[in-house]
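Asks: Listed here are the chains, written in short residue letters.
2 protein chains.
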Amino acid sequence: MKQKLLEKILQAVGAPPIPIALWNGEVLFAEPSSAPGRVAIRDRMALLRLLVHPDLEYGRLYAAGRLDVEGDLVACLEALYRSVSQRRRRALIHPALARLRRLYQHGRSRSRDNVYHHYDIGNDFYRLWLDRQLVYTCAYFPDSATSLEDAQIAKMDHVCRKLRLQPGEEVVEAGCGWGALALHMAKHYGVRVKAYNLSHEQIAYARQWAQDQGLGDRVTFIEGDYREISGSYDVFVSVGMLEHVGLHHYRAFGRLIDACLKDTGRGLIHSIGRNVPEPFNPWVERYIFPGAYPPTLGEMTRVFDAGGLSILDVENLRLHYARTLEHWLSRYESVFDRAVQMYDLPFARAWRLYLAGSTAAFRTGYLQLFQVSFARADNNEIPWTRDYLYRD
Amino acid sequence: MKQKLLEKILQAVGAPPIPIALWNGEVLFAEPSSAPGRVAIRDRMALLRLLVHPDLEYGRLYAAGRLDVEGDLVACLEALYRSVSQRRRRALIHPALARLRRLYQHGRSRSRDNVYHHYDIGNDFYRLWLDRQLVYTCAYFPDSATSLEDAQIAKMDHVCRKLRLQPGEEVVEAGCGWGALALHMAKHYGVRVKAYNLSHEQIAYARQWAQDQGLGDRVTFIEGDYREISGSYDVFVSVGMLEHVGLHHYRAFGRLIDACLKDTGRGLIHSIGRNVPEPFNPWVERYIFPGAYPPTLGEMTRVFDAGGLSILDVENLRLHYARTLEHWLSRYESVFDRAVQMYDLPFARAWRLYLAGSTAAFRTGYLQLFQVSFARADNNEIPWTRDYLYRD
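Residue numbers (my numbering), protein chains in the order written: chain A, 1 to 392; chain B, 1 to 392.
To be clear, the hints were calculated from the coordinates, so they are not data collected in a lab.
Mixed in with the good hints there might be a few duds.
Pairs involving identical chains hold if they fit within one copy or between any two copies, as the list cannot separate such chains.
[Claimed, not checked] Result set (SDA-like, lysine to any residue): computed pairs, CA atoms no more than 20 Å apart in a straight line:
| no. | residue 1 | residue 2 |
| --- | --- | --- |
| 1 | Lys187 | Gly71 |
| 2 | Lys8 | Phe336 |
| 3 | Lys262 | Ser83 |
| 4 | Lys262 | Arg82 |
As the structure is a prediction and not an experimental result, all values here were calculated from the model.
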């Protein structure tokens with residue numbers, strides 16, 4: 001294929017504003033540019049597959065080593081996101097189009113598969129690059145120089161302060177990961193916690209950790225779907241689970257919160273989100289987070305509407321997730337060879353791309369992180385201002 | 001009609017949990033109760049009209065003096081709202097039902113009529129009971145003992161700090177009332193402001209006030225619809241206008257913000273809202289706020305979606321509006337006789353009921369007050385945390 005023709009085709013499908021080096025030594029879009037790196041395509045078939053379905057194939061080809069990025073991976077992905085977002089703004093894609101693309105099925109058994117896929121790769125893998133407490137959600141950096149360890153603790157405290165936990169209260173957590181937040185709440189705020197999670201490995205880890213800390217009587221870890229939650233609680237909290245609930249279950253999720261919350265109850269939901277309805281990138285959704293969906297704030301309100309709840313406070317922590325991911329990626333790069341040994345090179349490359357791509361997505365405003373505080377609509381025992389969150 | 005039958009009928013249409021004294025001396029629902037007062041119905045026809053359309057007629061009959069409340073007016077209305085809200089929760093009204101009831105028309109000429117109706121009663125009327133600066137929107141009380149005067153200044157500062165105004169910046173304000181915020185921003189934050197408002201009387205007042213303060217060169221008041229906004233601005237702000245925009249214009253409103261905001265632009269929209277879609281009470285919508293609609297947060301997101309904007313922060317100030325209204329009502333009661341002289345008794349009673357009813361609506365969580373901060377989706381010059389809002 002002639003170089004000029006190739007450039008035209010690539011421009012039509014949405015070429016990133018960075019040079020593309022081909023297997024035969026040719027370089028497309030090589031004009032003097034301030035690009036932070038260049039894409040290398042290793043064979044002709046890789047290029048053709050990229051032309052057919054770029055959103056899906058870039059990840060498959062990168063994992064297979066048939067597509068590479070020479071230079072700053074995150075910065076190149078940022079440039080890509082920015083160029084896509086500008087095309088999108090020009091094109092004014094109608095929300096109905098996006099809606100067509102997200103007809104998921106989230107039956108109970110499928111939910112279990114999804115979470116297995118992502119979280120049961122093995123605790124050892126996440127231990128390579130997460131913080132000591134294995135918190136696999138957006139951290140909160142009081143200032144940008146805070147370490148990842150401290151920022152995950154600060155995030156848990158930020159959530160606990162928003163929830164105004166009082167000693168002796170009963171808390172239910174939907175989607176508890178390896179249990180860090182549940183144990184933090186019990187240990188530092190004196191509450192009793194029931195924490196639900198589908199992942200067998202995570203629950204086993206969390207139970208052991210609770211025993212080690214002598215918190216086994218105050219924190220109960222339950223291997224089960226959030227839909228199995230029963231009982232009556234002062235506080236409902238869910239950090240990084242709504243992404244797995246599935247849009248069509250939001251109203252039922254809200255009714256579940258309504259059913260388990262006392263009259264003076266309050267809660268917090270923390271979730272990756274979007275400004276406009278759109279699924280995760282197809283490669284991420286197929287290989288990394290099957291079945292996951294990042295809702296808009298408008299879509300999230302279905303939960304609260306259905307639950308008879310008032311939204312009191314929303315904080316968008318998008319840049320904090322970008323910073324969290326920078327830490328994860330940097331740690332991951334330092335153990336990359338061990339990841340290759342534990343799994344294989346395509347697996348290790350896929351996770352590098354996922355962490356780098358997510359960093360770029362939060363930096364460019366392609367993804368959001370919404371932390372939503374709520375209470376029953378008629379509960380007037382709510383904070384008068386948010387001042388208390390920022391006082392020492 | 002027999003007393004028992006009447007009680008049954010009233011219960012079916014949703015009688016408030018307070019005694020009802022009839023013109024003939026009979027008292028319905030008179031069982032020992034902790035009700036904060038009782039409703040007095042002065043004639044048989046009033047009772048019949050109340051049975052036919054209670055949501056509309058209670059206001060008409062109250063204004064006409066054919067229905068009265070003996071005891072604490074706000075507390076009785078609160079009891080009413082709470083009983084309605086419980087019935088609603090039990091009945092699980094489908095949102096589609098609510099949507100059917102809000103097919104408004106918001107043509108440009110109708111908008112003008114609506115605002116005239118409410119805001120051009122005459123400046124003198126509002127001067128009777130608003131604060132000195134005539135701020136007719138929810139105040140912000142740093143603590144609940146703050147005076148109304150101070151709380152309106154604190155609200156303006158809270159908005160200005162959320163907007164991170166810098167000296168020399170260009171600000172556009174959609175719906176500026178009597179100009180207090182525009183002048184406050186120019187005077188205390190050194191910005192230049194263009195402020196739009198449909199009300200002839202308010203604009204005339206604001207222009208005079210700008211002259212008196214020597215701010216005529218930095219604040220331009222424009223008698224015009226928000227849709228006439230042109231130019232390019234660092235900051236977009238709108239306090240208490242979205243209620244008049246009409247749901248079907250939200251996306252166009254968002255595109256207008258997009259068109260007039262610089263790349264590093266940011267903004268704030270402050271609006272009365274709802275948890276679930278529902279129009280204002282029919283009497284309020286017909287007699288006090290024609291054409292106005294309090295959106296849910298989900299409905300508000302249409303503005304930001306369409307404008308390519310990210311929601312950064314949402315604060316629900318419902319209890320601050322309840323407190324603001326308590327101040328207004330108490331001031332209003334102290335000048336009630338003058339309001340009767342200036343207009344007539346039904347007008348003065350209608351406003352009393354409106355202020356008392358709104359107090360009850362915010363206290364019971366029937367209405368919300370959403371303050372939403374936003375920026376362009378790809379703007380990373382956003383605050384790292386919200387800490388700066390609460391530091392001195």
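Asks: So which of those numbered hints doesn't the model satisfy?
Replies: Failing hints, ascending: 1 and 2.
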